[in-house]
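Student: Construct all of the structure, not just a fragment, from the sequences and the given hints.
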Amino acid sequence: DAKTTQPPSMDCAEGRAANLPCNHSTISGNEYVYWYRQIHSQGPQYIIHGLKNNETNEMASLIITEDRKSSTLILPHATLRDTAVYYCIVSDLNFGNEKLTFGTGTRLTIIP
Amino acid sequence: NAGVTQTPKFQVLKTGQSMTLQCAQDMNHNSMYWYRQDPGMGLRLIYYSASEGTTDKGEVPNGYNVSRLNKREFSLRLESAAPSQTSVYFCASKRDRAQETQYFGPGTRLLVL
Chain A
1 DAKTTQPPSM
11 DCAEGRAANL
21 PCNHSTISGN
31 EYVYWYRQIH
41 SQGPQYIIHG
51 LKNNETNEMA
61 SLIITEDRKS
71 STLILPHATL
81 RDTAVYYCIV
91 SDLNFGNEKL
101 TFGTGTRLTI
111 IP
Chain B
1 NAGVTQTPKF
11 QVLKTGQSMT
21 LQCAQDMNHN
31 SMYWYRQDPG
41 MGLRLIYYSA
51 SEGTTDKGEV
61 PNGYNVSRLN
71 KREFSLRLES
81 AAPSQTSVYF
91 CASKRDRAQE
101 TQYFGPGTRL
111 LVL
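Taken in sequence, the protein lines are chains A and B. Just so you know, we're using the numbering used here here: the first sequence kicks off at 1 and counts up by one. Just so you know, we're using the numbering used here here: the second sequence kicks off at 1 and counts up by one.
No lab work stands behind these hints, which were simulated from the structure alone. Fair warning: there could be bad hints in the mix.
Label-pair distances were calculated between CB atoms; the ranges are [as the list claims (entries may be wrong)]:
{"#": "1", "chain 1": "B", "residue 1": "P39", "chain 2": "A", "residue 2": "T5", "range": "20 to 28 Å"}
{"#": "2", "chain 1": "A", "residue 1": "H40", "chain 2": "B", "residue 2": "A82", "range": "40 to 48 Å"}
{"#": "3", "chain 1": "A", "residue 1": "E58", "chain 2": "B", "residue 2": "N70", "range": "30 to 38 Å"}
{"#": "4", "chain 1": "B", "residue 1": "A82", "chain 2": "A", "residue 2": "N54", "range": "44 to 52 Å"}
{"#": "5", "chain 1": "A", "residue 1": "I111", "chain 2": "B", "residue 2": "N65", "range": "41 to 49 Å"}
{"#": "6", "chain 1": "A", "residue 1": "N53", "chain 2": "B", "residue 2": "N65", "range": "41 to 49 Å"}
{"#": "7", "chain 1": "B", "residue 1": "K71", "chain 2": "A", "residue 2": "P112", "range": "17 to 25 Å"}
{"#": "8", "chain 1": "B", "residue 1": "D26", "chain 2": "A", "residue 2": "M59", "range": "18 to 26 Å"}
All values derive from a computational prediction rather than experimental measurement. Where a beta carbon is used, it is the ideal one built from N, C-alpha and C, also for glycine.
Tutor: Encoded structure:
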């Protein structure tokens, strides 16, 4: 799996958009970008994933650069409940690779 | 629909004791996984089961055994616990090998003295 690089921590004001960056310069053509988050030592929660097109769901948007070497997770209107560790993961799960490799993620703190 | 459930929530063991961590899912998923998470670190895959009747080693399998009892249940056994196995253990499942999304349980916190 390709390695990812994320900032260790970020703050965001409540109600503002939180933009979490991720670098994955060695990503291969089969690999998707996944985002999970972990709230206070609970089990990780799936947020969104994408291959090369931008994606949006009820939780977030995922913007992937044209060269696919980086991406940004956007939480459009952050709330206090969005305070968590966010993991950017690159993997080709749908091609039989079973492993999600979790790094240390970005600790996002939403400020009231 | 409870999703992925794990028992126990918390356990204290003495070095050398054995125990089994239980995991069950009610989503009719074929693939199941065991991860461990040490303080301040990301999750590491211990073992996984791509389908009923099969198991494979992950990144950190030493000191553990697994059993895929049936489609719903996937257990993790520590035969002789060591302090280095103090960790939080998460079970996860996904529909099948072609699906992208893994769903995680709430975790079991294990302390080995």
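Student: When the structure is checked against the list of hints, which entries are broken? Sort them ascending.
Tutor: The structure conflicts with hints 2, 7, although it agrees with all the remaining ones.
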